[in-house]
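Q: Single-letter residue listing:
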Amino acid sequence: MSVVKGQTAPVVVIKPQRGLVGVDLRELFRFRELIFFLTWRDILVRYKQTLLGGTWAVIQPLLQMLIFNVLFGDIAGLASGGIPRPLFTYAALLPWNLFSTAIGEAGRSLVTNRNMITKVYFPRIVIPLSSVLSGVVDFAIAFLVLIGMMVYYGMAPTSGIWGLPLYLALSLVTALGVGLWLSALNVHYRDVRHIIPFLTQFWMLATPIAYEANEIFDRLPQGLDWLYALNPMVGVIEGFRNALVGTPIYSTGLLWVSIITSFVLLVTGLIYFRRMERTFADIV
Amino acid sequence: MTYAVKVEGLGKQYTLGGKSEQRYRTLRDTLSSAFTWPVRMLKGELRQHAEKIWALRDISFELQQGQVLGVIGRNGAGKSTLLKILSRVTDPTTGYVEIRGRVGSLLEVGTGFHPELTGRENIYLNGAVLGMKRREIAAKFDEIVDFSGVAKFIDTPVKHYSSGMYLRLAFSVAAHLEPEILVVDEVLAVGDAEFQRKCLGKMSDVAQAGRTVLFVSHNMSAILRLTEKSIVLEKGELVYSAPTRQAVDYYMASGLSQSGERIWTQDEVPADAAPFKPVAMRVRDPQGKVVETVQSRQPLEIEIEYEVEKPIQGLRVGVYLQTIRGEVLFTSFDTDAPEQYDNYATRQAGRYLSRAAIPANTLNEGQYVLGLNASSFRVRRYFQEERALAFAVDAMGAPGMQWPEPRQGLARPLLDWRIEQVEAVKA
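As they're listed, the protein sequences go chains X and W.
Under this note's numbering, read the first sequence as residues 1 to 284, first letter to last.
Under this note's numbering, read the second sequence as residues 1 to 427, first letter to last.
The hints are simulated quantities; they were obtained by calculation from the structure and are not laboratory data.
None of the values given here were measured: they were computed from a predicted structure.
One should not assume that every hint holds.
[To be verified] No more than 35 angstroms apart at the CA atoms, straight line, and that leaves these computed lysine-lysine pairs for DSBU-like:
#, chain 1, residue 1, chain 2, residue 2
1, W, K277, W, K229
2, X, K48, W, K6
3, W, K159, W, K229
4, W, K152, X, K15
5, W, K152, W, K133
6, X, K48, W, K198
7, X, K15, W, K277
8, W, K159, W, K198
9, W, K159, X, K15
10, X, K15, W, K202
11, W, K229, W, K152
12, X, K48, W, K289
13, W, K310, X, K15
14, W, K229, W, K6
15, X, K48, W, K133
16, W, K6, X, K15
17, X, K48, W, K140
[Unchecked claim] Sample of chain X residues facing chain W (criterion: CB under 7 angstroms; computed from the structure):
#, residue
18, V11
19, V12
20, V21
21, F29
22, L34
23, F37
24, I43
25, V45
26, R46
27, R108
28, T112
29, V120
30, E215
31, R278
32, A281
Glycine included, every Cβ here is placed at the ideal spot set by N, Cα and C.
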């Protein structure tokens, strides 16, 4: 940056911050290149010195799909919404893996990047944000395989396909919300590190990946089915399946429950993160 | 002239004990403390928990645009806290800072470097972390690589770099960031001599280019060379602000015992020094008197008194002898000699005196500082104080005093000169 004579640079005031602070979106925009570079680093590093490299983004969901199919299809004999089981499961695993990797990476991100946090200034939110975004590339690679599978099974996408970006956004919003909570908590309580694998496992079982959402909705007492929709990933998975393989959404009203929960997670996550942010450098 | 940095009533408070407590605080601790809260409140224990210290207190100064300001202070004086606040890493507790322009700091050398990435990738990443735009990095890329001298390995992952190469690359990126305000902390202590010279050169370029610089260092000669004005921090407070020469003198003279004896009180010895406990350090003249000034032509005795609370294996207790400006003349340990080393392989518990004489006609006149070090090689450093005791050397009657002129050099030996007339020339 060159300094033009006579031009005064903007004045930055550093002072104690108290109370609630919003997210400075304009500042975040100024740091867009940092977000890009950190995302890029996470992607590069993830597959450095691996034999199979980016192929892992495909192998993982494929193996998961196989296991799920054997366990829940062949052994437990659960229904798969009238479409080929591999497609049924894989279409759900895509957003789920995006979500679970994102919360895992984001949850640890502040601690693993502590040398940056204790030395340079930037909006701290950049770190969990780029962790979440770095999963999108894996998602895109795995998505190509899905397209191949759809061709193989002769399934054409329905008009619902237009909802796909929306559901993808919903899964990212949820992941960011949860990621913000976990990462900020992890700075103070390293217990989070141990909780994340457990949380992910539990959450996966509570999400209709290997089974139809109806299995749960139908079993809940009348008027209490919204309880299941409180899990935002229920809405995401339902939406993905609807968009890709055309299985009907259980109820649009309940989809809204998922959307609202997701945004509540994001907003509370942001508030908590911003509140804890000012002590990160001192205790991380 | 406008200011580039204005610091007003700045303070930073840390919770003592709480800091280490919070560091590895677990959920269980929080939960259990929440449950026991009423009980502790009844017992009146709550107050004790909140022991706080001010790492920085009521600091105010202004830095004009284009000024180079030195920040001097001992470890723990609050220098790094000040820099952390200025670079916005941590929030102050009180006061405020106004900054005009982008702050770049050389204390973050290598920040964001990832061992798995290549040199090239790390330059881009590190540049972005330091707030450079991609265009900016691309434009300076060749210059950065040139300066670092690792061009051949630029596409090798940096985990294969030697620590020197790593550091040079990291410094190069940081040095090519062109902020309006530059904060430098101790980077000059790293790298080989040639690279250090290069860094100092870059630093003075920056200083001469009219950039505003805040320079923090233990290296007084660098401070003297590069800055015009300096502030001295002591225990978190700004105690002195003056032209650099005066500030350095003030710092050098302050807090040093001048009585020929240094006694360590209980609270001056950190708990982690145990089982070693320094008691005193003295300088004695040949008559055994504790003195603050010794004669150059007489031997002087250094005496270290200390306690060993539990047997320590391989303990060595020794001194650094330095000039008042911090140049070290030598380091010497009480178990340097092989037979001492064997005899004291394990230092039994007890109270000890380690004494050594510096022979007559060794030191030139001037002010000297003794530092103390007690350690087991490659095992642990029990105690270290670099500036423990000051004493003066008087040149009265020293070799060459028939010529009343100051002599250059730190040593003033009486060498065994032999003069021979090889050939007589007839006049």
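Q: Name the hints, by number, that the structure is in violation of.
A: Hint check: 1, 2, 3, 4, 7, 9, 11, 12, 13, 20, 21, 24, 26, 27, 28 and 30 fail, others pass.
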